[in-house]
Amino acid sequence: MANPISRAWRKLFYQDGGSYFLLPKVDSAFPDPPNEGPFGDAGPPVWHWIDRLTYGGKVATPFFYTIIGVLLGLLTLIEVYFFTIDDFFGSFFVTVMLLLALLKFVIVVAFFMHLRFDKNLLTLVFTSGFLIAILVFVIMLSVQGQIAPAPLVAP
Amino acid sequence: MAQAATVQEQHGHIADTNTGISNRKLLMWVFLASDCLFFGSFIATYLVYRNESLAGPYPNEVLDIPITSVSTFVLLMSSLAMVLALHYAQKDQLGLTRFWILAVAVLGAIFLGFQVFEFTTFVNEGLTIRSNLFGTTFFILTGFHGLHVLMGVLWLLGMAFAHFKGALTSRSVEDLEMAGLYWHFVDIVWIIIFTVIYLIGFSDGEGIETIEHAASIIGG
Numbered sequence: 001m002a003n004p005i006s007r008a009w010r011k012l013f014y015q016d017g018g019s020y021f022l023l024p025k026v027d028s029a030f031p032d033p034p035n036e037g038p039f040g041d042a043g044p045p046v047w048h049w050i051d052r053l054t055y056g057g058k059v060a061t062p063f064f065y066t067i068i069g070v071l072l073g074l075l076t077l078i079e080v081y082f083f084t085i086d087d088f089f090g091s092f093f094v095t096v097m098l099l100l101a102l103l104k105f106v107i108v109v110a111f112f113m114h115l116r117f118d119k120n121l122l123t124l125v126f127t128s129g130f131l132i133a134i135l136v137f138v139i140m141l142s143v144q145g146q147i148a149p150a151p152l153v154a155p
Numbered sequence: 156m157a158q159a160a161t162v163q164e165q166h167g168h169i170a171d172t173n174t175g176i177s178n179r180k181l182l183m184w185v186f187l188a189s190d191c192l193f194f195g196s197f198i199a200t201y202l203v204y205r206n207e208s209l210a211g212p213y214p215n216e217v218l219d220i221p222i223t224s225v226s227t228f229v230l231l232m233s234s235l236a237m238v239l240a241l242h243y244a245q246k247d248q249l250g251l252t253r254f255w256i257l258a259v260a261v262l263g264a265i266f267l268g269f270q271v272f273e274f275t276t277f278v279n280e281g282l283t284i285r286s287n288l289f290g291t292t293f294f295i296l297t298g299f300h301g302l303h304v305l306m307g308v309l310w311l312l313g314m315a316f317a318h319f320k321g322a323l324t325s326r327s328v329e330d331l332e333m334a335g336l337y338w339h340f341v342d343i344v345w346i347i348i349f350t351v352i353y354l355i356g357f358s359d360g361e362g363i364e365t366i367e368h369a370a371s372i373i374g375g
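Chains as they are written, first to last, in the working numbering: chain A, 1 to 155; chain B, 156 to 375.
For reference, chain A alone in the conformation it holds in the complex (with noise of 0.2 Å):
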């Protein structure tokens, strides 16, 4: 029995034994009818209504899109009630609004982009190429103590 880590590790990156990801490598391996999707009955139950919107990925509607667009409209409008009413959330007010952000990079990435639908490769390679960007960023950030500030001293 794999342990808890190497299940989610195979979940995330695998394309077989019940990952999230499990995209069909041939067309004849597609799902009949379709609209079962490429995902089985693994991932979340948003996945299956993602799955019956859009054939399971193979064919996206218009309407799938729209709904996606519609989405990502409502997203910004939270973003933007939610910055009218910061002292609200006091210093949680930072990470709600990174996490929305991240929602709304996710969902274009996703959807917009096919990375969703499309092979782990290109998934990998952007998500390393992001992850790196993260480090960077986190360690520039801390070198300049942006992130834990030193306290103040008189030159």
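Hints were generated in silico from the structure; no laboratory data involved. This structure is a prediction, so every number in the text was calculated from the model and none was measured. Honestly, I wouldn't trust all of these hints.
[What the hints assert, rightly or not] If you want the footprint, here are the derived chain A segments under chain B, 3+ residues with CB under 8 Å:
hint: 1; segment: 63–69
hint: 2; segment: 72–81
hint: 3; segment: 96–107
hint: 4; segment: 118–129
hint: 5; segment: 133–139
By construction, the Cβ of each residue, glycine as well, lies at the ideal position given by its N, Cα and C atoms.
On the provided structure of chain A, position chain B as indicated by the hints.
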């Protein structure tokens, strides 16, 4: 090779490569990954110098959230138009493809118009690239993003022109997919910029360099 030849990508292209992905598409994703570093560096620089400006104007004096929210919405909708253009191109519906490509270019141009308006307003209020650290980091970051949008608009207008000249072929679908990936990337970069600079950074004010300077602010 036989396996590669049987691999069919999701959008109808058969890529005769070892990865099963067309080399152009793979290279575009590598480019986008490297562009993450490009913009990541500028955003990190902005954050490093956040609250460090010793002279105004400061973010809370010049940033206009309602206008930028509208321009953000315009850019998000241009992404929707882009994905619809690609969808209809894959369906060989050339009329709708042209319409949505032009819609993306127009929405991109509107976004650029908002940016020009914003930059002009800032300059009129005394914020230039040389005014303070906020001005320098802000104009470089958003300026390079605007330059990316401009490149995208020109790219799409070129494609639309080619389509009107009847140059749309099955290979053009992949061309449009490349342009689409680039355009969506420009969109996701703006999602981060809008949140970090405008919504989170709005409350940024005067920087504190030394205890004496802090005392002068408190005292005066």
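Which of the listed hints are broken here?
-> none
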